[in-house]
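> Below are the chains, spelled out letter by letter.
Number of protein chains: 2
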Amino acid sequence: MTGWVAIAGLGPGSEALVTPEVTAALAKATDIIGYIPYVARVAERPGLTLHPTDNRVELERAQHALELASQGAKVVVVSSGDPGVFAMASAVFEALEERREFAATDIRVLPGITAMLAAAAAAGAPLGHDFCAINLSDNLKPWDLIEHRLRMADRGDFAMAFYNPRSKSRPAGFEKTLEVLREECGESRLITFARAVTTPDLTLRTVTLAEASPDMADMRTVVIVGNAATRRVGRYIYTPRSAL
Amino acid sequence: MTGWVAIAGLGPGSEALVTPEVTAALAKATDIIGYIPYVARVAERPGLTLHPTDNRVELERAQHALELASQGAKVVVVSSGDPGVFAMASAVFEALEERREFAATDIRVLPGITAMLAAAAAAGAPLGHDFCAINLSDNLKPWDLIEHRLRMADRGDFAMAFYNPRSKSRPAGFEKTLEVLREECGESRLITFARAVTTPDLTLRTVTLAEASPDMADMRTVVIVGNAATRRVGRYIYTPRSAL
Numbered sequence: 003m004t005g006w007v008a009i010a011g012l013g014p015g016s017e018a019l020v021t022p023e024v025t026a027a028l029a030k031a032t033d034i035i036g037y038i039p040y041v042a043r044v045a046e047r048p049g050l051t052l053h054p055t056d057n058r059v060e061l062e063r064a065q066h067a068l069e070l071a072s073q074g075a076k077v078v079v080v081s082s083g084d085p086g087v088f089a090m091a092s093a094v095f096e097a098l099e100e101r102r103e104f105a106a107t108d109i110r111v112l113p114g115i116t117a118m119l120a121a122a123a124a125a126g127a128p129l130g131h132d133f134c135a136i137n138l139s140d141n142l143k144p145w146d147l148i149e150h151r152l153r154m155a156d157r158g159d160f161a162m163a164f165y166n167p168r169s170k171s172r173p174a175g176f177e178k179t180l181e182v183l184r185e186e187c188g189e190s191r192l193i194t195f196a197r198a199v200t201t202p203d204l205t206l207r208t209v210t211l212a213e214a215s216p217d218m219a220d221m222r223t224v225v226i227v228g229n230a231a232t233r234r235v236g237r238y239i240y241t242p243r244s245a246l
Numbered sequence: 003m004t005g006w007v008a009i010a011g012l013g014p015g016s017e018a019l020v021t022p023e024v025t026a027a028l029a030k031a032t033d034i035i036g037y038i039p040y041v042a043r044v045a046e047r048p049g050l051t052l053h054p055t056d057n058r059v060e061l062e063r064a065q066h067a068l069e070l071a072s073q074g075a076k077v078v079v080v081s082s083g084d085p086g087v088f089a090m091a092s093a094v095f096e097a098l099e100e101r102r103e104f105a106a107t108d109i110r111v112l113p114g115i116t117a118m119l120a121a122a123a124a125a126g127a128p129l130g131h132d133f134c135a136i137n138l139s140d141n142l143k144p145w146d147l148i149e150h151r152l153r154m155a156d157r158g159d160f161a162m163a164f165y166n167p168r169s170k171s172r173p174a175g176f177e178k179t180l181e182v183l184r185e186e187c188g189e190s191r192l193i194t195f196a197r198a199v200t201t202p203d204l205t206l207r208t209v210t211l212a213e214a215s216p217d218m219a220d221m222r223t224v225v226i227v228g229n230a231a232t233r234r235v236g237r238y239i240y241t242p243r244s245a246l
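Chains G and C are the protein sequences, given in the same order. Taken in order, the first sequence gives residues 3 to 246; the numbers are from this note's numbering. Taken in order, the second sequence gives residues 3 to 246; the numbers are from this note's numbering.
Calculated directly from the structure, the hints in this document are not laboratory data. Since the model is a prediction, treat every value here as computed from it, not as a measurement. C-beta: ideal position from N, C-alpha, C; glycine also. Treat the hints with care, since some could be wrong.
Sample of chain G residues lacking proximity to chain C, with all beta carbon distances greater than 10 Å (derived) [stated by the list, open to error]:
(1) Glu23
(2) Ala42
(3) Asp56
(4) Glu96
(5) Arg110
(6) Arg151
(7) Ala174
(8) Arg191
(9) Pro202
(10) Val209
(11) Arg243
Stretch by stretch, here's where chain G covers chain C in the computed footprint (C-beta under 8 Å, at least three residues) [what the hints assert, rightly or not]:
(12) 93-104
(13) 217-226
One-sided excerpt, in silico: chain C residues whose CB lies under 7 Å from chain G [to be verified]:
(14) Ala29
(15) Asp132
(16) Phe133
(17) Arg157
(18) Pro242
(19) Leu246
Start from the sequences, fold in the hints, and give me the full structure.
See below:
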């Protein structure tokens, strides 16, 4: 029996956004590994072992997946959104680099709808021109680098999507982000807060940077900042295809 | 009978990446509008009218969708990938801005798997840290702005994904892109060419910028340039979660 690891994206929340490819992988799996709320989205069945784990143990989780696959298990590592965007795929390759005894493992990454694309779709089309995706968590990089990236992104007039904008352990980071953005982009730039996208709890709010406050974001929020041309049309927010 | 417009992403090619949400919208549609090869992916059935159109008529297509919906049609505008990423969603909102008589139209954007995420998944996880998406076509923006964005993206040490890297009408642009990248990122930076992702024609090739040549890309290729930390592990390419 040959084991494998599939790192699968469950999308941002709605089951209607789970791809058939991911559904098929889940149906073949013997083991599901991931953060508790994502594993909870997979239905239990005979022959399937669920391994839910807490946050911040990505590397241990990845090593566990490689170990199980080496014993013949068919392992699906579940991420929300897309596994390649601030999620488990990089952690699995980091583990593979550390544990060369697992070099021959059959690893596949199964893409999913990442949160920024679902948030953009809910708002209209704010990412319709060149854009950046930035993880605002400073767990794995220094704040100075985040600030530098915000400035470079604005100087290139990129729209920006932010993941992990704010958490209880980092209450000040998003306030500093808004200060940098006001300085670089000006007070009238549009910013969209999309919380719990594609779920019944969805809230969607677009304001100017002058009106934005840190408490508009939490860990379930994706934040999208427009470029200089981003504007409203009716209830929608969009960025034109042409540059200003 | 109330019409609507759904702008739907069919994903990069494989039917296994079409979301159930998009499949359900296609099943309810009376009219499908889009570029010929994308409309060709929708099965004909009684009660469904297909409106395939040639490239470069995005705005006319968008206006047609709004007109049909105003007459009660249930219109799905099909894009490949995600409709909000260099695709039809922004064109529909541009048309809505021009034609305010359609302001009340029920418009929804249905996200899809965009090409860069499928390409990244096929390669490993090269977009596993902060990244940018840049459309290299200079149809709708000047080359100077593209060059400026490439430089800002590198100075922020973003990984980069390029859409529309090269076409017959723009043979020189991608050569200039490679020159700018070598200057900014250095010769040893990894660059991945992913052609026809998720189809049986898939080709995947990773080289250094020193080894990269313009003919490695065409209009079916998504190009991903790593950040300074992007590296190989076995046959995979990935960008670690931590900054250098």
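> Now, for every hint given, state plainly whether the structure supports it.
Evaluated hints:
Taking the minimum C-beta to C-beta distance to chain C, about 4 Å, the non-interface status of glutamate 23 of chain G is violated against the 10 Å cut. Alanine 42 of chain G, annotated as away from the interface, keeps every beta carbon of chain C farther than 10 Å; the closest lies near 20 Å. Interface exclusion of aspartate 56 of chain G from chain C stands, the closest Cβ pair being 17 Å apart, more than 10 Å. With a cut of 10 Å on Cβ distances, glutamate 96 of chain G falls inside the contact zone with chain C, its closest approach being about 6 Å.
Under the 10 Å C-beta cut-off, the non-interface status given to arginine 110 of chain G relative to chain C is violated; the minimum distance is some 8 Å. With a least CB separation of 4 Å from chain C, arginine 151 of chain G falls inside the 10 Å interface cut-off, contrary to its annotation. No beta-carbon of chain C comes within 10 Å of the beta-carbon of alanine 174 of chain G; the shortest separation is about 20 Å. With 10 Å as the threshold on Cβ separation, the claim that arginine 191 of chain G sits away from chain C holds: the shortest Cβ distance comes to roughly 17 Å.
Listed as a non-interface residue, proline 202 of chain G keeps its Cβ farther than 10 Å from every Cβ of chain C; the least gap is roughly 15 Å. Distance check on valine 209 of chain G: its Cβ is at least 19 Å (rounded) from any Cβ of chain C, clearing the 10 Å threshold; non-interface status holds. For arginine 243 of chain G, the non-interface assignment is contradicted: its Cβ lies about 5 Å from the closest Cβ of chain C, within the 10 Å cut-off. Look at the region 93-104 of chain C against chain G: 6 of its residues bring a Cβ nearer than 8 Å to a Cβ of that chain, three or more, so the hint holds.
With a threshold of 8 Å between beta carbons, the proposed coverage of the region 217-226 of chain C by chain G is violated, since 0 of its residues qualify and at least three are required. A distance limit of 7 Å between C-beta atoms decides the matter here; for alanine 29 of chain C the minimum to chain G is near 13 Å, and the interface restraint is violated. A hinted interface residue such as aspartate 132 of chain C counts as satisfied when its beta carbon comes closer than 7 Å to some beta carbon of chain G; here the least separation is about 5 Å, so the hint holds. With its C-beta approaching chain G no nearer than about 6 Å, phenylalanine 133 of chain C sits inside the 7 Å limit, and its interface hint holds.
Satisfaction of the interface hint for arginine 157 of chain C is found here, the shortest Cβ-Cβ separation to chain G being roughly 5 Å, below the 7 Å cut-off. Taking 7 Å as the C-beta cut-off, the interface hint given for proline 242 of chain C holds, the closest approach to chain G being about 6 Å. About 9 Å separates the beta-carbon of leucine 246 of chain C from the nearest beta-carbon of chain G, more than 7 Å, and the hint is not met.
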